[in-house]
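4 protein chains.
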Amino acid sequence: MEKSILLLYCIDQKGIVAKVTTFLYKNNANILSSNQHSDHKSNMFYMRIEFDISNFLIKKQDIKTEFYKNVAKALDINFKIYFEDEKINSAIFVSGYEHCLIDILLKNNTNDLNMNIKAIISNHSTIENVVKKYSKGLDFFYISIDKNNKDLAEKQELEILQKYNVNLIILARYMQILSDNFISLYENKIINIHHSFLPAFMGANPYKKAFDRGVKLIGATSHYATAILDDGPIIEQDVIRISHKDSELDLINRGKDLEKRVLSRAIKLHLEHKILVANKKTIIFD
Amino acid sequence: MEKSILLLYCIDQKGIVAKVTTFLYKNNANILSSNQHSDHKSNMFYMRIEFDISNFLIKKQDIKTEFYKNVAKALDINFKIYFEDEKINSAIFVSGYEHCLIDILLKNNTNDLNMNIKAIISNHSTIENVVKKYSKGLDFFYISIDKNNKDLAEKQELEILQKYNVNLIILARYMQILSDNFISLYENKIINIHHSFLPAFMGANPYKKAFDRGVKLIGATSHYATAILDDGPIIEQDVIRISHKDSELDLINRGKDLEKRVLSRAIKLHLEHKILVANKKTIIFD
Amino acid sequence: MEKSILLLYCIDQKGIVAKVTTFLYKNNANILSSNQHSDHKSNMFYMRIEFDISNFLIKKQDIKTEFYKNVAKALDINFKIYFEDEKINSAIFVSGYEHCLIDILLKNNTNDLNMNIKAIISNHSTIENVVKKYSKGLDFFYISIDKNNKDLAEKQELEILQKYNVNLIILARYMQILSDNFISLYENKIINIHHSFLPAFMGANPYKKAFDRGVKLIGATSHYATAILDDGPIIEQDVIRISHKDSELDLINRGKDLEKRVLSRAIKLHLEHKILVANKKTIIFD
Amino acid sequence: MEKSILLLYCIDQKGIVAKVTTFLYKNNANILSSNQHSDHKSNMFYMRIEFDISNFLIKKQDIKTEFYKNVAKALDINFKIYFEDEKINSAIFVSGYEHCLIDILLKNNTNDLNMNIKAIISNHSTIENVVKKYSKGLDFFYISIDKNNKDLAEKQELEILQKYNVNLIILARYMQILSDNFISLYENKIINIHHSFLPAFMGANPYKKAFDRGVKLIGATSHYATAILDDGPIIEQDVIRISHKDSELDLINRGKDLEKRVLSRAIKLHLEHKILVANKKTIIFD
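Heads up: the protein sequence lines correspond to chains P, E, U and Y, in order.
Just so you know, this note's numbering puts the end of the first sequence at 316, numbered straight through with nothing missing.
Just so you know, this note's numbering puts the end of the second sequence at 316, numbered straight through with nothing missing.
Just so you know, this note's numbering puts the end of the third sequence at 316, numbered straight through with nothing missing.
Just so you know, this note's numbering puts the end of the fourth sequence at 316, numbered straight through with nothing missing.
No wet-lab data here; the hints were simulated from the structure.
In this text, all values refer to a predicted model and were calculated from it rather than measured experimentally.
Just so you know, not all the hints are guaranteed correct.
Treat identical chains as interchangeable: a pair holds within one or across any two.
In silico DSS-like links for lysine-lysine, alpha-carbon gap of 30 Å or less [said to hold, decoys possible]:
hint, residue 1, residue 2
1, K33, K162
2, K99, K56
3, K56, K71
4, K56, K166
5, K89, K310
6, K275, K310
7, K238, K33
8, K99, K44
9, K238, K148
10, K311, K275
11, K286, K137
12, K162, K310
13, K90, K180
14, K103, K185
15, K185, K298
Input sequences plus hints: build the corresponding full structure.
In structure tokens, the structure reads:
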């Protein structure tokens, strides 16, 4: 089997599914799964199809062109085609907290997260040892950041990302704010984990804020980064129950497993091309 | 809009989706949503399509025949077509515990469960007042049951079900065992709620068994009734956390809300034709 | 058995538990359960003790005085003593949405919520029929509210509350804002249900805000009302998972069961005297 | 602060709390937290007290004797006293699946699980590299097991456990059955993780059984091992939602995080002396 994934959206209209699936069928693909969503408010249609191209009559490199010519053009469809055997190149940004990084490295080691980690970038030099321990051989870059060298630091980061042809940036508890320019270069390609149930407790110190407010559940939110802090399209959220017995430090510690879980689920959804972004929200084809 | 639902299954093969959706498209239906599932072990394909037939070129009463002739026959597809405006006729069986019955009656009053309740049947005469209070006007039947009159009682029940053309039987904490014959007449049309996380604690007194075993979560399971007790295809399950502080009576009381929730979700899935049964398991197109 | 509940707090110091429990023991009470919490930041101590007074050497009406004289005075303890057989008088305020009201009435009918509902007050006249249907005999008051008669309306409400000696006000989806004066008269005695996971989506239309933000979980929060809207001490919160398939109306409908569950749990905790409020947060002795 | 923990149980009777806490108070301890449970069916009383002994008038080595003489003897109390600074010596048994082992090693590295891991014992030689990678310096023992050498293998294991004075055995997905004799030597000191929601799917291949039964939630259960397989007192359980889309392999993979979470919570409760076993069930003072 040779799996391919088609993600598309267009104005809702009759015949989309018939035309798309007939194209695949006539060219001898086998549809493995299919999901669709119609948004009635905006009159938009969204779809994800997994299909087996091992006997496909069109060559891999021509699928895009043929699909455009035969189907997408007439219906004004926006689409992307992915091949399962083409792994995504990723970079992980991390600051002092290392639990999310370690979790990703372990899951990458066992192929629970199936990507090419090309670079691990941190403003904390201590992370180098973590990388060495859990994934010897991965490239680590220490880029110190202070208020005077932010531009330079981002320039260095961008060079690394471009050199390695990185297509996915994971902010695994990265506590530095990225510039609008930086973010605009990687639209819907930067996954952040925020340690609260957004939109509650945006910005710094969410566990302190949660503790002070006396909430009975704490949350974690994984989202695509946008120019506005903690405001990007939400991919995944979850919560755990706490009580008055938990100190602020307890929240920080108990939240670690939650953050790991939410971030790794979001990364997995992205790697499997199960996410479409529309109107600042995500459609998750799971 | 005039919504219709097509549920189908067949041996997995290329072209199913293309042929089904092309049939709908050519006849001017608009596909509202579509879900599919391929079971690789058994090589079977399952699908649910919601489509708008308000401009359909085929008359409502002919859709079945036309779909068979043009699509289903060649692909050897098993299918059913439902129309949203045709409400299902249901009967509710209940014994002494009335919480699930009340919940269904309330949800039916507000159309959260959209069906025609044709009869409420109980082996407890006290239920009559419950019905009068929460849904005045519904037909109630008291059928007393003891070990000597079981056959007669079932005969009476079947007469009622046939008279009212009942297509869905809800066992809302009904504590009598139905005969194999009775069950075989309503295959995948009898929804039971069992007050445990099946297959743990099958049979009588599951809360006592759960208490004695010292579990930390209690569950409820809604399933289609089959000839083997508590063994039918599971539609929905859920659990709540308990502790050593909970007595057996606490479990009974705390389980009530859980049972209501699980049963009403299962009924809703059935009413919306979102369930396919295969190999003693359910496929839930939600 | 004749259950009594002691709720207390004071500056943390050695010997509190010993002195309190020795007082109970010497006077022939049997301690049924006991919970305590020390807040290290504020150096405060909180405690709840349930004890059986059926053989207590002190008369019921003297317990308060004797406990003060013998224990509380020296340790500067703030305390309250409740007797299980003294039901709390409550009033329910409700606007157009009736699901929480119905749930409370049903749970009160079956003693799952053990209180004396003295009055149901609504600014919607249609609620009268709901009350008649589910709890015939309860006193209903229709008090219409517009921007010109708010003061007068509150005056009427307060008269009712005082006439019936109401000690607990339940805002069961009551959409009017109460004045600071009103709230100050019932400190920690007004339980509100807000249909979001506070502090996210405070104020009006939380389901619309949640829909627009694209959250993956929606929540409900029950809290004591304070002068600042949706800012009072949180008693209970819970969430359910939603997806991009849910419309704003779906959120409203799916949230109903959640709101009922969260509100009724909060009421139950209050009725069982399991809540202490400190520093704008609750300590839940459960 | 120097924390000590007292765990006790006895026949329920008046004055226990008063006498225990007065003993602590008179000797200048500060009670940090206290939990109790009365089981009305068996008329037994259970208690856990955390107290600060930094200014205690009794020497550490005499507390046991003094408490017995002054309190426990007269009330016929069974008790144990623990000191927070005395770490528990543990051994981890593991077979081919390494995810639980790795999770424990990582949590031990960061003191999220606060114990002395004295030995890691496996019937799979490949585990040695895992130990070296994640916790260099820990002692690893490869003890191969086949049907002919079971007795000898257990003898070797017991020698290791005795040599290292091990007081807690963690079966981190250990797939060999221990003999009754072995288990009897470590009553309530062997924590197992079973990959199902017990008592559903006891014994081998629970994920296969869960898949075949078509459950909608899968679970994990951590319990003390007893002579009867998967029948010991349950410490912790949890579940995650699955669907018809999940294959048996998906269940195995998705269950990994669940097993880790449930096992590490159970270990933590044990290490913090929060568990009392009574009537084959656990009382969790959390």
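So, going through the hints one by one against the coordinates:
In this homomeric assembly, K33 and K162 never come within 30 Å of each other (Cα to Cα): the closest approach is 33 Å inside a single copy and 37 Å across copies. For the identical chains of this complex, K99 and K56 are neighbours both inside a copy (15 Å) and across copies (21 Å), given an alpha-carbon limit of 30 Å. Taking CA atoms no more than 30 Å apart as the test, K56 paired with K71 passes between copies only; the shortest distance there is 25 Å, against 33 Å inside one copy. Neither within a single protomer nor between protomers do K56 and K166 lie at most 30 Å apart by alpha-carbon distance, with minima of 47 Å and 58 Å respectively.
Within a single copy, K89 and K310 get their C-alpha atoms no closer than 35 Å, and across copies no closer than 41 Å, so neither meets the 30 Å cut-off. For the identical chains of this complex, K275 and K310 are inter-copy neighbours only, at 15 Å across copies versus 37 Å inside a copy, given an alpha-carbon limit of 30 Å. In this homomeric assembly, K238 and K33 come within 30 Å of each other (Cα to Cα) only across copies, at 26 Å, whereas the closest approach inside a single copy is 45 Å. Taking the shortest alpha-carbon separations for K99 and K44, both the intra-copy value of 19 Å and the inter-copy value of 23 Å come in at or below 30 Å.
For a Cα distance limit of 30 Å, the shortest separation of K238 from K148 qualifies neither inside one copy, at 34 Å, nor across copies, at 37 Å. Proximity of K311 and K275 under a CA criterion of 30 Å is satisfied inter-copy only: 12 Å between copies versus 36 Å inside one chain copy. Both within a single protomer and between protomers do K286 and K137 lie at most 30 Å apart by alpha-carbon distance, with minima of 16 Å and 11 Å respectively. In this homomeric assembly, K162 and K310 never come within 30 Å of each other (Cα to Cα): the closest approach is 38 Å inside a single copy and 46 Å across copies.
When the C-alpha separation of K90 and K180 is checked against a cutoff of 30 Å, the pair qualifies neither within a copy, at 42 Å, nor between copies, at 56 Å. Taking the shortest alpha-carbon separations for K103 and K185, neither the intra-copy value of 38 Å nor the inter-copy value of 63 Å comes in at or below 30 Å. With identical chains, the CA atoms of K185 and K298 are at most 30 Å apart within one copy only, with a shortest distance of 28 Å there and 45 Å across copies.
Hint violations for this structure: numbers 1, 4, 5, 9, 12, 13 and 14, all remaining hints satisfied.
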